[in-house]
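Participant: The primary structure of each chain is shown beneath.
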Amino acid sequence: MQEAITKLTHSKDKMQHWTAGSPLRMVRAISADFIAQLESIIEEIPGFSHGDLAKRIGVSLGRVSQVMNSPGNFTLKNTVVYTNAVEMNLAIVVYPIEPNGNGAPISGDVFRTCWEIAGRPRNMFDIHDNTVGFTTHSGCGMAAIGHVWKTSAKTDSNNQLISFVPINGYASINAPTITGEGKIRNNA
Amino acid sequence: MQRASVSFRPITGLSSPERRAVGFLEGHQELDAAEEFEELSAKETDRLLAAMGRWCDGMLGPKKWFHNFDGTKLMVFKLNEHRFYAYRYHPLPITNPAFLLSVLTIHVEKREWESDDAELDRVDQWRMNPGAKAAVAKVYPENGRGQCKRLSRN
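Chains H and E, in that order, are what the protein sequence lines are. Numbering that gives the first Met the number 0 numbers the first residue of the first sequence as 0 and each following residue consecutively. Numbering that gives the first Met the number 0 numbers the first residue of the second sequence as 0 and each following residue consecutively.
Just chain H, same shape as in the assembly (with noise of 0.2 Å):
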């Protein structure tokens, strides 16, 4: 019986997430990202401890440990005082669901990683500038991406694109989805 059941819910390739419908878990995931992303900088740090961390926040090492090991409380200003504590800074970023997702949260690991790539635009002229942007069909907007496969991209002539030669590693991560998706948009 519990082999059947185990198949059943192996074969249902859209299951939920574990998240899905529980706001408060969902919180807990978005908590947990949020630390996830912070010991990693901490760990790319070399020498850097929770007891620097709490140094320079102004708290004990105690309460750096109990906000690190169990996150569900965090309020805004602190998760503002803990990433500027790293040197780093902090963006919420709302995003459409995806309607054939599983409706997991999206890591903020994956939005920096493409801000990254993009060249780290500070504003939506530095995206027009250095991009050919394109829209998806769920209407989310241009590609950040766009500026490392400028000068490589080709269209057909409904302006959909067909191809384009990466010109770095990262587009060839990103290549699958805008190949299917992606609609040139003329910025010139």
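What you were told as hints is all true, and nothing was included just to trick you.
Computed beta-carbon distance windows for the label pairs: (1) K72/E - F110/H: 26 to 34 Å; (2) D51/H - N67/E: 24 to 32 Å; (3) P95/H - E29/E: 39 to 47 Å.
None of these hints come from the bench; they were simulated from the model. Note that beta-carbon positions come from the ideal geometry of N, C-alpha and C, so glycine has one too.
Mind docking chain E on chain H? Use the hints.
Facilitator: Quick look at chain E alone, frame taken from chain H:
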């Protein structure tokens, strides 16, 4: 090697299910990861699921949450003093060779400075156990396609 009668239970509802999955190997007294996972509080469970989700999404850490062991196919998910040891396994080498599983096996409570050596040996034994491979294959079958290909070559 003795063929253990064990089963594999995937954790449903994680992210990027088309790329990676995590699940429990169960059915032997040594395989206590699932049992210990069920004992966690709701908060702890969600924190561990978040770590598993990051692994499924292709992230490399933070190392305080999960990491591989160099030169092996073994890994660990960490939550405070909890250690959930697993091995990485490609269950569909023919039909979906990129798909990667993290097969959770044993749980240990330990501190940061304690060695993982003894646990890693045990996990590696399970990784090579034919019963464990069969249990995973029941959930992730190649539908015979892999076997046919191999036979046609011989």
